[in-house]
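**Student:** If you want the building blocks of each chain, they are given just below.
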Amino acid sequence: MSLFELQKDFGAWLRAIPIDVESHVGRANTAGLAVYRHAYRAQLAGCLRETYAKTLAWIGDDAFDKAADAHIDAHPPHAWTLGEYGREFDQTLAKRFPDDPEIAELAWLDWRLRCAFDGADASTVDAAALGDIDWDRALFRFVPTLCTRAVLTNCAALWHALNAGETPPPAGILAFPIVIRIWRNGFSTRFRSMEPGEAQALAWALAGESFGDICARLVGEDAGNGVQTAGAILRDWLADGLIASIGS
Amino acid sequence: MTGQALTPFHGFGLGLRPVHYPEFLADPQPVDFVEVISENFMVEGGRPLHVIDRVRERYPVALHGVSMSIGSADGLNDDYLRRLRQLAERVRPLWISDHLCWTGVEDFNSHDLLPLPYTDEAMDLVCANITHAQDVLERPLLIENPSSYLTFPGSCMTEWEFLARMCQRTGCFLLLDVNNIYVSAMNHGFDPLAYLDGVPMDRVRQIHLAGHSQGNDLLIDTHDQPVPDPVWALYELACRRVGAVATMIERDDRIPPLPELLAELDIARRRAARFEHAAA
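Chains as they are written, first to last, in this note's numbering: chain G, 1 to 248; chain U, 1 to 280.
Think of the hints as simulated: they come from the structure by calculation, not from any bench.
All values derive from a computational prediction rather than experimental measurement.
Heads up, a few of these hints could be off.
What the hints assert, rightly or not - Not the full set, but computed from the structure, chain U residues with beta-carbon under 7 Å of chain G:
| id | residue |
| --- | --- |
| 1 | G45 |
| 2 | G46 |
| 3 | S67 |
| 4 | G75 |
| 5 | L76 |
| 6 | H111 |
| 7 | P256 |
Cβ coordinates follow ideal geometry from the N, Cα and C atoms, glycine included.
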């Protein structure tokens, strides 16, 4: 047997695929094989527990460990970095807990905050030094860690309470979906629930629309307050360290 | 790449772990170098790169990897090597090390340090992979002896014979993990002194010290205990053979307060002092 075949079989055996790996290594190595299989699963389970700490705190050890076991069975790691492991764990949770959608949304928050933690750096625009900008044509480039998603549950309130060590509120479905933005400002990973107007403006800006076009759309929706709304949104983006550059 | 030298360095260091970042960033600590896990800093940005930059301003840094998978039968991951090279250009490390093991093959990565059979085929493959990595990284590697929990019936040489031939063929150096020698010796029933006598000591550039735990049937390389007496004794025997060499305490679980690790490092200093002028 070639080394390649041996490694392929050993890797499959680690993943609990029924292969007689003992015939490759000898019956005397049963105890050693058990050490490797345990280490493989324990490493991945530990990685999920660390990455999804708030989700773990919400559903408890037993439910989390069972979900982690199922995830490890269904999703063997591929990337060279362990930091990539668990990317689809929220989907595993969504399937296991279809009646508790806050669990998968909490997991999404855990994952995206972890990604923002060591995502690409970017300098941000200083609101006090904006200089001459043609705002009608202004195009925004956002920090690379920014991501958004609409959520149906109060996962944000749950995450904050768990993070503060407080008793979380009961899980609940929101009256209407809200969009959360996640990003990193300096070394601080953050997330924030957006009002519908800001969520829409951010989606337009991310799609490449100019600030002038965004203002026109907001005015079209609310002729009396559209311009003020656009100004307030822009101030928030600048203050939050969301904008990496403004071009045209 | 064969024959390329490393800048001589001798000192006593610690494996830098996140729980101790604040102390290392706040005040100078009495260590001659730190070793970091390369993969923790092979990231796009954020606090990890800030930490490694600040640490590097104060200490020489050794990069120690767990994911090169130097024994993978389908070769090395070029994206991994590219990222490691970028980190090395940023950190300017004392050296780069990884383990004599494989972590995955094809599209699977176990993220564990898996054992190799010590065969001629494995020798050819490991040497080709080391040569490739050294070419990409433009420096010789340090390869660490693993702890292992099984042996392959097809092996035709001992681990120390494998290491010696590997060094001779590739020009790589060794990171000698004394705890791993002890763990594997107890698990497989070989004489750790025969291991020390068989390793080419002139290629050893760093020593790891760590603790282990007793499993159901085998010793497990857990890095969650202080260095035990048998490992200290083996360390002295290694120092007698290698002379002055960079030594580091590696702790990855149940990590104690920094002063405890520094006190343990002082033990290493005292034990090694008697053999500083010994020749390999």
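**Student:** Hints broken by the structure, by number, lowest first?
**Tutor:** 4, 5, 7
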